[in-house]
Amino acid sequence: MTYLVLAPSALQAPAVEEDESLVERLRRGEPTAVGEAYDHHHAAVRAFAQRLVGEAATAEDLVHEVFVALPRASRNFRGESSLRTFLISIAVHHAHHHVRSATRRRAAFSRLEREPSAEVSADPEAIARRKELAQALTRALDTLPIDQRVAFILCEVEERSSRDVAEIVGVPEGTVRTRLFHAKRKLREELEREGFR
Amino acid sequence: MTEDLLKAATSALREEHSGEDAGANFTRARVMASMHNTRERSRKRWVLVLPIAATFAAATAFATSGRMPALVQSVAAVFGLAQGKESPAELPKPTRAQRRVHVAPKAVPAPVTEPTPEPTVEPVAPETPPVPSAAVTAVRPTPNPAPSAALPDPSHALYLEAHRAHFERGEFARALPAWEDYLRKAPNGRFSLEARYNRAVCLVRLGRSAEARSALVPFASGQFGSYRRNEATALLDSLAP
Numbered sequence: 001m002t003y004l005v006l007a008p009s010a011l012q013a014p015a016v017e018e019d020e021s022l023v024e025r026l027r028r029g030e031p032t033a034v035g036e037a038y039d040h041h042h043a044a045v046r047a048f049a050q051r052l053v054g055e056a057a058t059a060e061d062l063v064h065e066v067f068v069a070l071p072r073a074s075r076n077f078r079g080e081s082s083l084r085t086f087l088i089s090i091a092v093h094h095a096h097h098h099v100r101s102a103t104r105r106r107a108a109f110s111r112l113e114r115e116p117s118a119e120v121s122a123d124p125e126a127i128a129r130r131k132e133l134a135q136a137l138t139r140a141l142d143t144l145p146i147d148q149r150v151a152f153i154l155c156e157v158e159e160r161s162s163r164d165v166a167e168i169v170g171v172p173e174g175t176v177r178t179r180l181f182h183a184k185r186k187l188r189e190e191l192e193r194e195g196f197r
Numbered sequence: 198m199t200e201d202l203l204k205a206a207t208s209a210l211r212e213e214h215s216g217e218d219a220g221a222n223f224t225r226a227r228v229m230a231s232m233h234n235t236r237e238r239s240r241k242r243w244v245l246v247l248p249i250a251a252t253f254a255a256a257t258a259f260a261t262s263g264r265m266p267a268l269v270q271s272v273a274a275v276f277g278l279a280q281g282k283e284s285p286a287e288l289p290k291p292t293r294a295q296r297r298v299h300v301a302p303k304a305v306p307a308p309v310t311e312p313t314p315e316p317t318v319e320p321v322a323p324e325t326p327p328v329p330s331a332a333v334t335a336v337r338p339t340p341n342p343a344p345s346a347a348l349p350d351p352s353h354a355l356y357l358e359a360h361r362a363h364f365e366r367g368e369f370a371r372a373l374p375a376w377e378d379y380l381r382k383a384p385n386g387r388f389s390l391e392a393r394y395n396r397a398v399c400l401v402r403l404g405r406s407a408e409a410r411s412a413l414v415p416f417a418s419g420q421f422g423s424y425r426r427n428e429a430t431a432l433l434d435s436l437a438p
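Heads up: the sequence lines are chains A and B, in that order.
If you count the first sequence from 1, position 70 lands on 70 in our numbering, and the numbers rise without skipping.
To convert a position in the second sequence, counted from 1, into our numbering, add 197.
Hint data in this document are derived by calculation from the structure and do not stem from the laboratory.
Keep in mind the model is a prediction, meaning the values are calculated, not measured.
We put the CB at the ideal spot given by N, CA and C, even for glycine.
Check before you lean on any hint, since a few could be wrong.
Unchecked claim - Partial pick of chain A residues on the chain B-facing surface, computed with a CB cut under 7 Å:
#1 ALA43
#2 GLN50
#3 PHE67
#4 GLU156
#5 VAL157
#6 ARG163
#7 VAL171
Unchecked claim - In silico DSSO-like links for lysine-lysine, alpha-carbon gap of 30 Å or less:
#8 LYS204/B - LYS131/A
#9 LYS186/A - LYS204/B
#10 LYS186/A - LYS131/A
#11 LYS184/A - LYS131/A
#12 LYS184/A - LYS204/B
All chains, please: the whole structure from these sequences, using the hints.
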């Protein structure tokens, strides 16, 4: 099984030297360093959080937690990956309870909603279809164990390499691939069960 | 077919959440506020913990230095809880700390002298102590601090004797050798400066002008600061031929 190795995010990542000096300042406990790290990386962290959790508000809470935990966590930063990758790994470690609570909320609301959202656009049908698919995938992700969910989001949605993901999650690459394989199989079944063909 | 569907759903999810959010600024403010609160909590914790830790460390160090009994006894003496002097039986080991206990209580106004050597005090030498002289020739007694009751220091007894002879009885012929005895015993003692001046005054009173001048010059020249400077100058003027 091969995986695409693309840039983790479409957003421009800061230079490595810039990361190093920023991490040094974070370790020294400089208050402005956290703000700077936020300005550089919040979009990537938020994108991951939103994709993983599936709720904007909960994702914001997760982003907040990640950056608050950053100064202390930066002491463990060894510089083997980028600061952005390190931030994603912090998000992974803080995501568990957010994912659980978001999953519970979605399960409760899914019985009440099922109405297509009204959205004005040039191609409302395509947009509605895309939104519906995204929501269906989020619901399907709710059925996965957290490890498989993280592996799928990082590898497939964020298009990170399995090596990168292995580093973020802290498991061997083979484990990442296995988790991804099972995740995709279950997601396909779940989408079919929801009536998507 | 489902493979395509999964890819489409994945793509939709990716596009749905790009990471840009209107709440980004709000979350940034939340992060910075949380950091500020954390720092404040940490600072307050240190402000509270540091003095406690320092006090504990100092108390431990003090206790291990063996001075604790002396401190306890001093505090007890201040509050009137002391049981009086400890008998030798209560002090099995005359440690340094215990010896200090004897010194501590006397510390009210009593003189504390230093046991430096140098047993000689030349009568002609350049020094003299404190005694304000009102008029040019008149020598006025100095307001010496009253010695306290318990004074194991032998030099203090000499000081007392000289003081009595000089100011109470006005016997300058006796006071002079008494001051010299005191200065011999405690040349750098707490009252040595005063004793030097009083000795000079005695010399003036006894008419030993040459020696008196030698003794007064250091005071008048400011060798001892402003201490009795004006008085010594006035006395020297009065001794001028």
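TODO: Could you check if ALA43/A really has its C-beta closer than 7 Å to a C-beta on chain B?
DONE: Holds: closest Cβ of chain B sits about 4 Å from ALA43/A, inside 7 Å.
Open item on the list: Please check whether VAL171/A passes as an interface residue: C-beta within 7 Å of a C-beta belonging to chain B.
Closed with: The hint is violated - VAL171/A has no Cβ within 7 Å of chain B, the shortest such distance being about 22 Å.
Open item on the list: Run the distance test for LYS184/A versus LYS204/B: straight-line Cα separation, threshold 30 Å.
Closed with: Holds: LYS184/A and LYS204/B sit about 10 Å apart, inside 30 Å.
- [ ] Could you grab the alpha-carbon distance between LYS186/A and LYS204/B and see if it respects the 30 Å cut-off?
- [x] Given pair LYS186/A, LYS204/B holds - Cα atoms ~14 Å apart, limit 30 Å.
Open item on the list: Checking one constraint from the list: CA of LYS204/B to CA of LYS131/A, max 30 Å. Satisfied?
Closed with: holds, 14 Å
Open item on the list: Next item in the hint list is PHE67/A. Is there a CB on chain B closer than 7 Å to its CB?
Closed with: holds, 4 Å
Open item on the list: Using the nearest Cβ pair, does VAL157/A come within less than 7 Å of chain B?
Closed with: holds, 5 Å
TODO: Would you check whether ARG163/A satisfies its interface hint, that is, whether its CB is within less than 7 Å of any CB in chain B?
DONE: With a minimum Cβ separation of about 20 Å from chain B (threshold 7 Å), the hint on ARG163/A is violated.
Task: GLU156/A as chain B interface residue, shortest Cβ-Cβ below 7 Å - done: Hint holds; GLU156/A Cβ to chain B Cβ min 5 Å, cut 7 Å.
Task: Restraint check for LYS186/A with LYS131/A, where alpha carbons must lie at most 30 Å apart - done: holds, 21 Å
- [ ] Double-check GLN50/A for me: the hint is only fine if its C-beta lies closer than 7 Å to a C-beta in chain B.
- [x] holds, 4 Å
Task: Given pair status - LYS131/A, LYS184/A, alpha carbons within 30 Å - done: holds, 20 Å
Checked against the numbered hints listed earlier, the structure breaks hints 6, 7; every other hint is satisfied.
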